[in-house]
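Engineer: Residue numbers (the working numbering), protein chains in the order written: chain A, 1 to 648; chain B, 649 to 785.
Any given hint might turn out to be false.
In silico lysine-lysine, DSS-like type, Cα no more than 30 angstroms apart, as pairs [what the hints assert, rightly or not]:
id: 1; chain 1: A; residue 1: K644; chain 2: B; residue 2: K764
id: 2; chain 1: A; residue 1: K637; chain 2: B; residue 2: K739
id: 3; chain 1: A; residue 1: K644; chain 2: B; residue 2: K740
id: 4; chain 1: B; residue 1: K705; chain 2: A; residue 2: K33
id: 5; chain 1: B; residue 1: K783; chain 2: A; residue 2: K637
id: 6; chain 1: A; residue 1: K637; chain 2: B; residue 2: K651
id: 7; chain 1: A; residue 1: K113; chain 2: B; residue 2: K656
id: 8; chain 1: A; residue 1: K381; chain 2: A; residue 2: K342
id: 9; chain 1: B; residue 1: K663; chain 2: A; residue 2: K131
id: 10; chain 1: B; residue 1: K770; chain 2: A; residue 2: K644
id: 11; chain 1: A; residue 1: K137; chain 2: A; residue 2: K485
id: 12; chain 1: A; residue 1: K131; chain 2: B; residue 2: K651
id: 13; chain 1: B; residue 1: K739; chain 2: A; residue 2: K33
id: 14; chain 1: A; residue 1: K44; chain 2: B; residue 2: K663
id: 15; chain 1: B; residue 1: K764; chain 2: A; residue 2: K137
id: 16; chain 1: A; residue 1: K83; chain 2: B; residue 2: K663
id: 17; chain 1: B; residue 1: K764; chain 2: A; residue 2: K507
id: 18; chain 1: A; residue 1: K644; chain 2: B; residue 2: K733
id: 19; chain 1: B; residue 1: K770; chain 2: A; residue 2: K26
I should point out that these hints are in silico values taken from the structure, not numbers from a laboratory.
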Amino acid sequence: MAVRERVGVFVCHCGRNIAATVDVKKVVEEISKHPYVVHAEDYKYMCSDPGQKLIYDAIKSKKLTAVVVAACSPTMHEETFRKVCEEAGLNRYKCEIANIREQCSWVHTDIEKATEKAIRIIRGAIEKVVKNRPLHKIELDIVRKCLVIGGGIAGIQAALDIANAGIPVILVEKSPTIGGHMAQLSETFPTLDCSQCILTPKMVEVARHPLIKLYTCSEVIEVSGYVGNFRVKILKRPRYVDEYKCTMCGDCADVCPVLVLNEFDRGLSLRKAIYIPFPQAVPAAYVIDPESCLGFNPIKCGKCKDVCEQEAIDFDMKEEIIEEEVGAIIVATGYGLYPKEKIGEYGYGRYEDVIDSLEFERLLSSTGPTGGEIRRPSDGKIPKRIAFIQCVGSRDENHLPYCSKICCMYTAKHAMLYKHRVPDGEAYVFYIDIRAAGKGYEEFIKRVQEEYGITYIRGRVSKIYEENGKLIVHGVDTLTGVPVKLEVDMVVLAMGMIPTGSIELAKKLKIPIDQYGFLQEVHPKLRPVESVSDGIYICGCAQGPKDISETVTQASAAASKAISLLTRPKLYREPLVAEVNEEICSGCGVCASICPYSAIEIVEGVARVNEILCAGCGTCSAACPSGAMQLRNIEDKTVLRMIKSMLG
Amino acid sequence: MAKRFEPKIVAFLCKWCASAGADLAGVSRLEYPPNIIPITVPCSGRIDPQFILQAFKEGADGVLVGGCHTPGDCHYINGNFKCFKRVTLLKKMLRQFGIDERRLRLEWISATEGKKFARVVKEFVEELRKLGPIKVT
């Protein structure tokens, strides 16, 4: 006969968060009548030190065998209260949380009904905690290696931080070089640092770091396993140029007869089919674009191969699938711009001189198609009047409801750099609001407006069209209420930011994304770089729009989380896995056939669970026809009793 | 005036998506009717059809099953598919017990869909008010 359980129930007021809607005194009064409950009390803040002490003391003095804390969601303080119980000598699983805040007091207003609901929730938790068996965590080894996905500034920073802590890193980048969008930028706000000048030393450091293994032209295609022990499959596409043999002499590109639009310059220049994205690319090697290269048909071409003295070119390179084991993963897949085609009224695509902000960065860049001179795409003339339009796609219910955060700042920078290059030019900025929160940001905007004489017009632009070789920008100045019709030579659209690649990757990693496709953090304030899956961290614009300094900060934060995980001596995981009652099991194998982790096999006529592989989903338990397979502490009989007591 | 019928609903919510979505509804202070009693399970694939039958037997007027979006959101690869199959089959059986299959509702609610959670509960309560109290024979 099992020991008669002695349950203590602790009801938290959470200030007024719970107590304003749930009558906590009545809850205590009612729940005290429960046959298992030997102690019940309420307190203003159960998570505070005195609150925790109440629990500790009651466990000791009332000889409690189990504890229910009725408070906030278990995602908040389950660990806090389980630790208190452990300190007082109880097993951690003899403590359960009844969520009467997020799922009760915060969503209801009727005190009587909310109180009744809270009592029902607590009754369920009592049934559960009584049925819970004391368990101990499962000990695991850790693979001391980290995978970083994405080689923009976020991925670079995270990889360097981790490698500098002595932990090996695998850095996977989809394109032929690392550097990301930051490599495309001209100068950075608010200090006007040359973007490439501050980025390329970091890129070289990655290339030379003995602990960083870099895979470019590569993508993560499959992820399995769990914290400390992920198995990753990486698809490495052929570069067709041996990166160790290539000396970047450029003879190959000189003879290549194919010209295509250069994506690094956002289509504003041409490149060959064998090319380097930009001179400081890492790895420092040419790459063949198989879409446009003619050399795959040896009769047609092969000129580059003929001239390459290093014999670095190999048309027979094949795709490879590389398998790696890592203990932690950092996702830094970055952003793209909202498709301009979706905003037809601004004439992008129809008018060559309506360009987006990244195209303008290329025009400003000294490595860009015009060598840093501002020349408009249509005829190469220097635009004497230019309009910048902010919030294109952003803060727009029809497109992206959110603010892309960096456009106010880079547009001010664009206008300033325009005036540096074209001192007699006129620049106009259309804006909705100026958001310049950041160190030195507001001052930068002021400088642009006051010292550079840029005209800021508050209002949205309704349409752009061409008339007599000029672009006409139609809008309204909402400060004066006067319609604005502006004749300009060129228009720059500050396009909103969208996540790229995070949606497919999130599915492979089993981590959530928000409604816009940005990766979701566990808690926006307090756990901003952790995903819900242990051991998977997120950073950079894949998590939400942000500028370079914030990206770097977040990348270092993600790296430090990964380091603190990977330097632990051992990992412990929840023992809430499936378990079979061999006396009942008939060995039918239904469980083994549906287990998504292949964690069950039939040995000598009965099911056997591999505790390390089992992730604790419990689908085997739901399928077992005899009830032999049970998920620890969420057993069938427990749930059935919970239902009965919660409805009763 | 006759008292309005207040249906009792048991909600089986997966920990990763639907229950997290319910938490978000709370954090966002989205009000919905208090008729729902939540039970959090690790995965919608854990929900044994007998749990649902037990809830009806113990007097629930409706049962809500909340899981991660199909196809790829399930934290446990494909537990939501298994749940979908079980619920679909169970709905057919409910008819044979004389229980209107609308009393069993399956919804995919992600951790970021607090609004959807609140809306689903509101809609379900309204629907059950129309269906009236359950009679299990």
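Engineer: State for each hint whether it applies.
Structural biologist: Hint check:
A C-alpha spacing of about 28 angstroms is found between K644(A) and K764(B), which places the hinted pair at or below 30 angstroms, so the restraint holds. For the proposed pair K637(A) and K739(B), the alpha carbon gap of about 23 angstroms is at most 30 angstroms, so the pair holds. The straight-line distance between the Cα atoms of K644(A) and K740(B) is roughly 24 angstroms, inside the 30 angstroms bound, and the hint therefore holds. Simply put, K705(B) and K33(A) have alpha-carbon atoms about 25 angstroms apart, close enough for the 30 angstroms limit, and the pair holds.
Annotation: proposed proximity of K783(B) to K637(A) holds, straight-line Cα distance about 25 angstroms (limit 30 angstroms). Of the pairs offered as hints, the one joining K637(A) and K651(B) is violated, with about 35 angstroms between alpha carbons and a cut-off of 30 angstroms exceeded. Taken as a hint, the K113(A) and K656(B) pair is honoured in the structure, with Cα atoms around 12 angstroms apart against an allowance of 30 angstroms. This hinted pair checks out: K381(A) and K342(A) have alpha carbons roughly 28 angstroms apart, not beyond 30 angstroms.
This hinted pair checks out: K663(B) and K131(A) have alpha carbons roughly 19 angstroms apart, not beyond 30 angstroms. The suggested pairing of K770(B) with K644(A) holds, with an alpha-carbon distance near 24 angstroms, which does not exceed 30 angstroms. Only pairs whose Cα atoms come within 30 angstroms are accepted, and K137(A) paired with K485(A) is rejected, the gap being roughly 69 angstroms. For the hint linking K131(A) to K651(B), the alpha-carbon distance of about 38 angstroms lies beyond 30 angstroms, and the restraint is violated.
Restraint check for K739(B) and K33(A): the C-alpha separation of about 38 angstroms exceeds 30 angstroms, so the hint is violated. Note on K44(A) and K663(B): the hinted pairing holds, with a Cα-Cα distance of about 27 angstroms set against a maximum of 30 angstroms. With a C-alpha separation of about 35 angstroms, the suggested pairing of K764(B) with K137(A) is violated against the 30 angstroms cut-off. With a C-alpha separation of about 21 angstroms, the suggested pairing of K83(A) with K663(B) holds against the 30 angstroms cut-off.
Between K764(B) and K507(A), the direct Cα distance comes to roughly 21 angstroms. Compliance with the 30 angstroms bound is thereby established for this hinted pair. About 25 angstroms separates the Cα atoms of K644(A) and K733(B), which keeps this hinted pair within 30 angstroms; it holds. Taking the CA atoms of K770(B) and K26(A), the gap is near 27 angstroms; set against the 30 angstroms cutoff, the hint holds.
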